[in-house]
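Q: Work the whole structure out from these sequences, hints included.
Here the protein sequences line up with chains A and B, keeping their order.
At position 279 of the first sequence (counting the first as 1) the number is 278 in numbering that gives the first Met the number 0, and the numbers step up by one without a gap.
At position 192 of the second sequence (counting the first as 1) the number is 191 in numbering that gives the first Met the number 0, and the numbers step up by one without a gap.
Treat the hints as calculated values from the structure; they're not laboratory data.
Check each hint, because a few of them may be wrong.
One copy or any two copies: either way a pair holds, since identical chains are not told apart in the list.
Stated by the list, open to error - Calculated lysine-lysine pairs in the DSS-like style (CA-CA distance at most 30 Å, straight line): (1) LYS344 - LYS391; (2) LYS288 - LYS221; (3) LYS360 - LYS288; (4) LYS58 - LYS128; (5) LYS221 - LYS237; (6) LYS82 - LYS237; (7) LYS404 - LYS286; (8) LYS82 - LYS288; (9) LYS286 - LYS222; (10) LYS101 - LYS58; (11) LYS395 - LYS409; (12) LYS288 - LYS404; (13) LYS237 - LYS409; (14) LYS336 - LYS360; (15) LYS237 - LYS395; (16) LYS288 - LYS237; (17) LYS404 - LYS237.
Because the structure is a prediction, the values reported are computed rather than measured.
The primary structure of each chain is shown beneath.
There are 2 protein chains.
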Amino acid sequence: MNHTNGNCLYAHSGGVSAALNATAAGAIKAAQRSESIHDMLVPEYGLHGILNGEFYSTKDLDQAALDQMYCTPSSIFGTSRFKLPDPRVDQEPYIQILEVFKTYNIRSLLYHGGGDSQDTTNKFSQFFKMVDYPIQCIGLPKTIDNDLMVTDHCPGYGSTAKYIATSTLEAALDTKAMSRSSTKVFILEVMGRNAGWIAAASALARCDATSAPHLILVPERKKSADNILAGISLQLDKEGYCVIVVSEGFQLTDTISSDDSDTCSFGHKRLGGIGLELANLIQSSLKVKTRSANADYLQRAVGHCASAIDLDIAYHIGQRAVQCINDGLYDKMLIVKHLGYLPLKWKIETCPIDWVANHEKHLPDFFISDNGHDITPAFCEYALSLVQGEVKPMRKNSIPAYFSKHHLQKVQIEEHQL
Amino acid sequence: MNHTNGNCLYAHSGGVSAALNATAAGAIKAAQRSESIHDMLVPEYGLHGILNGEFYSTKDLDQAALDQMYCTPSSIFGTSRFKLPDPRVDQEPYIQILEVFKTYNIRSLLYHGGGDSQDTTNKFSQFFKMVDYPIQCIGLPKTIDNDLMVTDHCPGYGSTAKYIATSTLEAALDTKAMSRSSTKVFILEVMGRNAGWIAAASALARCDATSAPHLILVPERKKSADNILAGISLQLDKEGYCVIVVSEGFQLTDTISSDDSDTCSFGHKRLGGIGLELANLIQSSLKVKTRSANADYLQRAVGHCASAIDLDIAYHIGQRAVQCINDGLYDKMLIVKHLGYLPLKWKIETCPIDWVANHEKHLPDFFISDNGHDITPAFCEYALSLVQGEVKPMRKNSIPAYFSKHHLQKVQIEEHQL
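A: Shown next as structure tokens:
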């Protein structure tokens, strides 16, 4: 083959999900078939590996490895949260990166991340134009937060939505069964600093067996403590138990924010979140036993609870990104467009990167109920479409057997030097 | 059929698990086939329903219902945490219960719960003997805490062990992938006030893809903050990330216990646990980004992550309990004996109830490593034997479709009166 475009760099950036490696598998498979790509190089720990020229070669990975990669959550290669400076102000890291790119003959870049990460893709593109280094820059969407603009959803969100719905359902059955003589209120705190997409997905738990969740508290709607307590009392009167799902970024109008006096007995600053604050408030005010869980990192790399359609779309994002390289496109962001729900009809399109970079998409008003602590049937139709189907990871001794980067080959510089 | 023994009461008591309803399904199926039982009655909310004569009839449940019940976590019927007084001191509630038992012609009792609950079974038996009411009392084991004496494991523990191992593995992959530029230490707080069985199960997460968990902190071993911090520093130097699993009942030797000044800004008593305390300690002392999750009620009703062998044994416990009734046994507790590991060889035996009541089984010394923050290969062989096989719950729209008690029939008194 004549690999006209040298090597392609595919990098992870920002937080992980269950679908990140499915996209990697799709991109690697397509790169292995591409006539314009010699090797798809993946940096160790994202931007960290780019700065230091630490890459994995993927051209020799076989189908069995890619199949295992597809089902493995988190990022096999590692990712990063570095923020690059504006290349018009500070070019130092970019000059370092340029040398690495030249050394490794990198002629195309697939940058896979959320809103902040696509700002980085954009900066790369700007810098390489300034120094006349010809390179195709393509952005790939992901984030469990589902808060990217333009795309109708973000790969990774469907799996986290499925996990949150399942966990809410099971914790609700627990709370309900115990409610006569033990815990009456259960609170689940989930991720989402500025957007309530993850908390909203808990509504999919509602079924014959439970009416939970009874309050869904999202950053898009502040509420007073009194208003929340009234809602809980109403539900306790009705069914004797109450399940609340709250975004980490939800705020009370009568703020109980942490201040410097908010330290533990060792004198250290406390880390506790809104779920715990609400539990304290409810237990003290309503005198009912209240418990809270904080899902934290249990909710991102949810391979054992992944959504089949989520991983399928993620895989095709990877394949399409390589197609963009093959087609000679520059400075594009891949997005998913929805054409119908239940079942989901979808297609992958492209848009300019700067449409997506640095913006956040909040829950639109028509997805939030008038009372401000519930979501609408329209949201359920949307979210239910994204959680369809199960994925069975390989298992060893009945525990998931995920892909290990020990199986990957680090690139030797000599091979790739021009 | 000649139902010589009238009705059999089967009741849930104490906390829930993924395997509680599997035992119910086994007991109900056997009762339907038993010549000595007319109907297996199940109280709503355990002792609460017993005191108030609120029972579900199960004689007409068909196989499809029992199949769905088998896979449904928590307690379909509801459970309770009431503690009965010593019948030699206070007979009031017992007299109320006796009237209910006579009204409903209850001639055998299967009481399904942990150590405290078997104390209740024992009290029932004592009282009924005192008043010459002939009734067979049989105790059935369950508790995710795995802390019952005599039995080699408790049904429900295997599923929670599988959930904790899977969650630790996935959160570890998350932490590892982000560790170069974000969180370096992750803490998972799990249940276990006096025994570390659940935390210990996290060791099953270790595999090719991660060496986590790196510290397992259990109530059986107090440790100093300095000792823990040294262990974390060592692991950070080695691999750049550290995952800790801690039992809620773990204690530091240099205690950071809550006191009355430990309130939030609303003046309410704080509810935060040891995971959060450790996170505060680590972040302040080692200056590394630390996050913590509290699994709380996410770890009990883990139907989506249930262990096949756990539910299978639970089902057979139910069947065997009815066999005890058929065989005319009195005052027995069912226990599981292990005859071999990987694969597990097991049988169900009986012992006197008072061998089990009010005792707690801690992790034995040979399951805990010399350093006090890890477990031994012998424990892994034991626990791995209990997590084998997956259970697929029915699904509706790809979310688990669990059994709802709306499908159950409440008992009409007339039918069952003598």
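Q: Against this structure, judge whether each hint is valid.
A: Hint by hint, here is what the structure shows:
no. : hint            : verdict
1   : LYS344 - LYS391 : both (23 Å within a copy, 27 Å between copies)
2   : LYS288 - LYS221 : both (25 Å within a copy, 28 Å between copies)
3   : LYS360 - LYS288 : between (36 Å within a copy, 27 Å between copies)
4   : LYS58 - LYS128  : within (28 Å within a copy, 77 Å between copies)
5   : LYS221 - LYS237 : within (25 Å within a copy, 44 Å between copies)
6   : LYS82 - LYS237  : between (50 Å within a copy, 26 Å between copies)
7   : LYS404 - LYS286 : between (51 Å within a copy, 28 Å between copies)
8   : LYS82 - LYS288  : between (44 Å within a copy, 17 Å between copies)
9   : LYS286 - LYS222 : within (21 Å within a copy, 35 Å between copies)
10  : LYS101 - LYS58  : within (19 Å within a copy, 76 Å between copies)
11  : LYS395 - LYS409 : within (26 Å within a copy, 44 Å between copies)
12  : LYS288 - LYS404 : between (45 Å within a copy, 24 Å between copies)
13  : LYS237 - LYS409 : between (61 Å within a copy, 20 Å between copies)
14  : LYS336 - LYS360 : within (15 Å within a copy, 56 Å between copies)
15  : LYS237 - LYS395 : between (46 Å within a copy, 26 Å between copies)
16  : LYS288 - LYS237 : within (17 Å within a copy, 43 Å between copies)
17  : LYS404 - LYS237 : between (52 Å within a copy, 17 Å between copies)
The structure is consistent with each of the numbered hints, conforming to all of them.
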